[in-house]
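From first to last, the protein sequence lines stand for chains D and V.
Residues are numbered in the numbering used here as their position in the first sequence, beginning at 1, plus a constant of 18.
Residues are numbered in the numbering used here as their position in the second sequence, beginning at 1, plus a constant of 6.
Take the hints with a grain of salt, since some may be wrong.
As the list claims (entries may be wrong) - Derived Cβ-Cβ restraints for the label pairs, each shown as a range:
id, chain 1, residue 1, chain 2, residue 2, range
1, V, P220, D, V301, 51 to 61 Å
2, D, A350, V, A36, 37 to 47 Å
3, D, V301, V, D62, 28 to 38 Å
To be verified - The list that follows gives simulated cross-link-like pairs (lysine to aspartate or glutamate, DMTMM-like), each with its CA atoms no further than 25 Å apart:
id, chain 1, residue 1, chain 2, residue 2
4, V, K86, D, E168
5, V, K52, D, D460
6, V, K45, D, E403
7, D, K253, V, D174
8, D, K414, V, D174
9, D, K215, D, E168
10, V, K86, D, D443
11, D, K439, V, E50
12, D, K166, V, E50
13, V, K45, D, E437
14, D, K493, D, D443
15, V, K86, D, E274
16, V, K45, D, D460
17, D, K303, V, E44
18, V, K45, D, E214
19, D, K241, V, E44
20, V, K45, D, D171
21, D, K414, D, E390
22, V, K60, D, E386
23, V, K45, D, D367
24, D, K215, V, D80
25, V, K45, D, D182
26, D, K215, V, E94
27, D, K298, V, E56
28, V, K45, D, D469
29, V, K86, D, D460
30, V, K52, D, D443
31, V, K86, D, D128
32, D, K218, V, E50
33, V, K52, D, D171
34, V, K52, D, E403
35, V, K60, D, D443
To be verified - Partial pick of chain D residues on the chain V-facing surface, computed with a CB cut under 8 Å:
id, residue
36, A146
37, T227
38, V229
39, N231
40, R247
Bear in mind the hints are in silico, worked out from the structure with no lab data behind them.
Keep in mind the model is a prediction, meaning the values are calculated, not measured.
The beta-carbon is built from N, C-alpha and C at its ideal position, and this holds for glycine as well.
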Amino acid sequence: MLPKFPRFLLLVAAVTLLAACSGGESNVASGNRLGILHFGNGSEPQGLDPHVVTGVPENKIIRALFEGLAVKNPYTLEPEPGVAQSWDISEDGRVITFHINPEARWSNGDPMRAADYVWSWQRLLSPALGGEYAYMLYPVANAQAFHKGEITDFNEVGVKALDDLTLQVTLEERTPYFLQLMDHYSTFAVHPPTIEKFGKATDRYTPWTRVENIVSNGAFRLKKWELNRRIELEKSDTYWDRDKVRLNGVVYYPTENVVSEERMFRVGQLHYTNSVPLGKIPVYKEMPDSPYMQEPYLGTYYYLLNTLVPPTDNLNVRKALSMAVDRDKLNATVLKGTNISAYSITPPDTLGYYPPKLFSYDPDRARELLAEAGYPNGEGWPGLELTYNTSEDHRKIAVALQQMWKDVLNIDVALTNQEWKVYLDSVTNMHFQIARRGWIGDYVDPNNFLDLFLTGGGNNNTGFADPRYDEMILKKAPQAATREERFAIFYEAETLLMEQMPIIPVYTYTSKHLIHPSVQGLPPNLMDSLNLKYVWLEDNVQTTEADD
Amino acid sequence: MLRFIMLRLLQAIPVILVVITVTFFLVRIAPGGPFDSEKPVTREVKAALEAQYKLDLPLFQQYTSYLGDLAHGDLGPSFKYPGRSVNELIAAGFPVTAELGFYALLVAVGIGGLAGVIAALKPNTAQDYIPMSLAMIGICMPSFLLGPLLVLVFGIHLDWLPVSGWGDIPGDKILPAITLGAGYAAYIARLGRAGMLEVLSQDYIRTARAKGLPEWQVVLKHSLRGGLIPVVAFLGPAFAGLLAGSFVVETIFQIPGLGRFYVQAAFNRDYTMILGTTVFLSVLIVLFNLLSDILAAWMNPRLRAQFGH
């Protein structure tokens with residue numbers, strides 16, 4: 019009879035379900051046993067060619083596969099030996115001589131040579147490659163001219179292989195952060211014969227980074243690459259410092275969806291998450307022995323003010339808008355206390371540098387300034403449009419600011435959201451009055467934030483232009499003899515910038531991760547920089563798997 | 007029959023050509039380009055990038071060059087993933103999406119077909135209302151809600167099934183298939199109910215019952231084939247819809263399918279990838295519609311006659 023039919027189906031379904039029950043050993047448990055780290059990495063990397071790709075997920079994988087001349091110590095962020103075992107800096111700071119470790123090897127066993135760097139830097143700086151990070155080498159003498167095609171003889175660029183193990187770099191001028199750039203993946207060496215085997219040095223579209231082809235020089239090497247699914251690395255047996263490496267491998271997962279990523283962590287599929295959903299943070303913070311880690315991050319969330327169009331061309335309007343924003347309240351409510359209120363562009367404690375704080379939340383002063391600008395209590399206000407790229411988090415912040423401006427200044431601000439590329443187009447062409455912006459530092463130095471606002475700079479996007487500012491950043495700061503003197507110049511420049519208020523700083527970012535307690539040797543730092551060489555997994559740690 | 011198939015395939019060529027042309031020019035009209043990023047590149051770098059991908063050629067020349075490559079089956083290099091071709095990305099993502107779509111279709115036909123038949127047997131009783139109300143809920147509930155709900159119950163609270171992945175842990179394909187199939191199951195239930203109701207009121211069914219056949223024979227042998235014709239006609243578009251619409255489910259469950267590439271390509275202005283996936287999916291949709299027409303004809307003797315059998 020008919021009722022038998024569904025009953026049979028139900029049985030099949032039940033059996034299938036039971037057979038499929040996850041059970042078994044979780045990734046975390048097996049990873050701890052085998053020394054394999056399971057790592058949530060945000061998204062599928064564009065690729066693994068250090069000179070071609072840009073982005074944080076790419077950075078995390080490339081820095082495990084390759085190693086620079088000098089690397090950042092994850093505890094102090096100060097440079098320590100990488101491929102170069104030591105370096106000498108000339109008196110005037112312009113000539114740096116790197117001594118390459120004779121034990122440094124490519125993953126195919128070839129020794130690393132100084133000439134590999136000359137070849138690699140020529141590749142990055144060749145205009146035809148279209149390397150987006152070529153400007154990382156601009157401090158090198160004539161590098162910018164070569165990249166812009168003004169000179170075509172690479173011998174004129176300040177990088178020479180004196181012999182197989184000695185690399186001499188001549189800089190345009192003293193660049194105190196240059197050693198840090200040696201840990202940026204764009205300046206890494208690639209293996210010339212491997213690239214030449216698959217095409218011209220400047221071809222972007224070749225298969226040299228595939229598992230079967232790639233030759234790298236880092237603590238790990240590529241074992242498996244399943245598109246949009248996982249990238250597996252294994253410990254390299256040719257790496258010069260292999261005895262220090264305690265992990266046997268790493269598996270990177272593309273985890274675009276933060277909510278799914280958090281669920282993967284909860285059931286023990288991940289040791290480390292790329293991010294944490296905002297709504298879950300209060301719950302994790304409450305937990306005893308919480309796996310939630312939050313640290314200040316080298317990035318600032320701010321709004322650009324277009325100083326070339328009314329009403330934001332009026333300094334008093336810009337100041338009034340900025341002073342009417344209660345950053346602490348925003349942080350406590352909308353952001354659930356996950357970030358740090360910002361009053362300037364450079365994040366605090368950037369290598370010991372603290373930016374000036376010229377103002378604070380001051381509703382009375384904000385109203386006065388608005389009145390001075392000709393809009394007492396918002397009368398005669400011409401209206402203002404705030405543009406942000408489509409995202410629920412950006413929307414929440416924009417709505418909060420809109421309300422604060424209404425409450426404090428009695429003015430109306432309209433919100434417009436735009437799809438990412440449309441928004442980029444608006445910002446680049448300055449088709450906006452106020453626009454959301456974020457900047458994440460590439461290296462730990464105030465210069466990386468302050469040079470954004472050079473006259474006509476590609477990331478300025480505010481119309482701010484001041485020759486005194488340009489001179490301090492481009493001329494005076496590089497010539498400073500000591501770090502203190504240099505930071506004093508930066509402080510003066512940043513004061514000048516914030517007096518003109520071309521931006522509304524909102525908050526300093528924090529990095530947020532869920533990290534399983536078995537993961538060791540992963541100190542928090544301002545760059546959210548991890549060196550997997552130092553990481554290990556402790557097997558006998560109480561797990562928090564499947565906690566609801 | 008063969009003539010019918012050939013004719014339909016020939017008709018498809020101009021359709022696909024229009025799809026390519028419209029997509030090609032539409033994506034270029036959209037503001038922003040593939041190489042715009044938060045850290046703007048210098049003019050020199052942008053020019054070099056455009057030269058590498060032939061974007062410096064006049065637009066019409068780019069179009070003809072694309073068509074030329076397409077004729078050889080080459081969908082071009084991806085802009086977003088340097089070193090990968092669009093063919094390769096589709097080859098990596100499509101089998102996963104197709105497998106997911108197939109399981110979802112099984113779920114949809116299995117649950118939906120059964121619910122439809124059960125409802126049709128006793129119309130306007132509880133046996134009809136309950137499955138049909140569930141079907142209504144199924145249609146209304148979006149997959150971005152159903153997916154996380156299923157994960158919460160079966161993945162986290164009960165810990166029966168994995169919360170994400172595809173082919174990594176046994177059972178990780180069950181929740182995505184149910185999530186993707188549920189909405190379609192609901193449609194199929196309604197279509198199946200309507201089809202069965204119509205067939206069950208036919209004279210030949212009355213004859214079958216009058217002969218004294220047991221009810222299950224009347225249903226399974228005599229009614230099912232006719233009653234499910236509307237369902238079969240829906241299968242082609244449904245499968246195409248499952249393939250093209252799996253993006254949300256792929257994102258929730260971190261499945262490495264084509265849907266994620268497709269949507270990301272649009273956000274990234276990865277021109278070749280947008281075009282490649284669009285062309286690929288439109289060819290599939292045309293084929294599946296044809297296939298379901300053929301299947302429907304085979305099941306319906308009246309239509310079969312039109313093809314000259």
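Against the structure, the hints come out as follows:
Between V/P220 and D/V301, the C-beta spacing of about 58 Å keeps the proposed range 51 to 61 Å intact. The beta-carbon spacing between D/A350 and V/A36, approximately 39 Å, falls within the hinted interval of 37 to 47 Å. D/V301 and V/D62 have their C-beta atoms about 52 Å apart, which leaves the hinted 28 to 38 Å range violated. With a C-alpha separation of about 29 Å, the suggested pairing of V/K86 with D/E168 is violated against the 25 Å cut-off.
Between V/K52 and D/D460, the direct Cα distance comes to roughly 21 Å. Compliance with the 25 Å bound is thereby established for this hinted pair. Annotation: proposed proximity of V/K45 to D/E403 holds, straight-line Cα distance about 23 Å (limit 25 Å). A C-alpha spacing of about 22 Å is found between D/K253 and V/D174, which places the hinted pair at or below 25 Å, so the restraint holds. Between the alpha carbons of D/K414 and V/D174 the distance comes to roughly 37 Å, so the proposed pair goes past 25 Å and is violated.
As the CA atoms of D/K215 and D/E168 are separated by approximately 29 Å, the hinted pair breaks the 25 Å bound. Among the hinted pairs, V/K86 with D/D443 is consistent with the structure: their alpha-carbon atoms are about 18 Å apart, no more than 25 Å. Distance check on the hinted pair: D/K439 and V/E50 sit about 20 Å apart at the alpha-carbon level, within 25 Å; holds. Simply put, D/K166 and V/E50 have alpha-carbon atoms about 6 Å apart, close enough for the 25 Å limit, and the pair holds.
For the given pair, V/K45 sits about 17 Å from D/E437 by alpha-carbon distance, which is consistent with the 25 Å threshold. Under the criterion of a C-alpha separation no larger than 25 Å, the hint pairing D/K493 with D/D443 is inconsistent with the structure, at around 32 Å. A C-alpha spacing of about 16 Å is found between V/K86 and D/E274, which places the hinted pair at or below 25 Å, so the restraint holds. Proximity of V/K45 to D/D460 is assessed by CA-CA distance (about 11 Å); at most 25 Å being required, the pair is judged to hold.
At most 25 Å may separate the alpha-carbon atoms for a hinted pair to count; D/K303 and V/E44 exceed this at roughly 32 Å. Proximity of V/K45 to D/E214 is assessed by CA-CA distance (about 29 Å); at most 25 Å being required, the pair is judged violated. Taking the CA atoms of D/K241 and V/E44, the gap is about 32 Å. The hint is violated against a cut of 25 Å. Of the supplied pair hints, the one linking V/K45 and D/D171 is violated, its CA atoms being roughly 28 Å apart against a limit of 25 Å.
A C-alpha spacing of about 30 Å is found between D/K414 and D/E390, which places the hinted pair above 25 Å, so the restraint is violated. Between V/K60 and D/E386 the CA atoms are separated by roughly 56 Å; this puts the pair beyond 25 Å, and the hint is violated. For the given pair, V/K45 sits about 24 Å from D/D367 by alpha-carbon distance, which is consistent with the 25 Å threshold. Restraint check for D/K215 and V/D80: the C-alpha separation of about 23 Å stays at or below 25 Å, so the hint holds.
Annotation: proposed proximity of V/K45 to D/D182 is violated, straight-line Cα distance about 36 Å (limit 25 Å). Simply put, D/K215 and V/E94 have alpha-carbon atoms about 21 Å apart, close enough for the 25 Å limit, and the pair holds. Restraint check for D/K298 and V/E56: not satisfied, since their Cα atoms lie roughly 43 Å apart, outside the 25 Å limit. Distance restraint check for V/K45 and D/D469: the Cα-Cα separation of roughly 13 Å lies within the 25 Å cut-off, and the hinted pair is therefore satisfied.
With a C-alpha separation of about 21 Å, the suggested pair V/K86 and D/D460 falls inside the 25 Å cut-off, and the hint holds. In summary, the hint linking V/K52 to D/D443 is supported, as the alpha carbons are separated by about 14 Å, within the 25 Å threshold. The hinted pair formed by V/K86 and D/D128 fails the criterion: a straight-line CA distance of about 32 Å is larger than 25 Å. A C-alpha spacing of about 19 Å is found between D/K218 and V/E50, which places the hinted pair at or below 25 Å, so the restraint holds.
For the given pair, V/K52 sits about 22 Å from D/D171 by alpha-carbon distance, which is consistent with the 25 Å threshold. With a C-alpha separation of about 30 Å, the suggested pairing of V/K52 with D/E403 is violated against the 25 Å cut-off. For the hint pairing V/K60 with D/D443, the CA-to-CA distance comes to about 21 Å; that is within 25 Å, so the pair holds. Using the Cβ-Cβ criterion of 8 Å, the hint placing D/A146 at the interface with chain V is satisfied: the shortest such distance is roughly 5 Å.
With a least beta-carbon distance of about 6 Å to chain V, the hint placing D/T227 at the interface is held under the 8 Å criterion. The criterion of a C-beta within 8 Å of any C-beta in chain V is not met by D/V229, whose closest approach is roughly 12 Å, and the hint is violated. Hint status for D/N231: violated, given a least beta-carbon distance of 10 Å to chain V, over 8 Å. For D/R247, the interface hint holds, since its Cβ comes within 8 Å of a Cβ in chain V; the closest pair sits about 4 Å apart.
Violated hints, listed in ascending order, are 3, 4, 8, 9, 14, 17, 18, 19, 20, 21, 22, 25, 27, 31, 34, 38, 39; each of the other numbered hints is respected by the structure.
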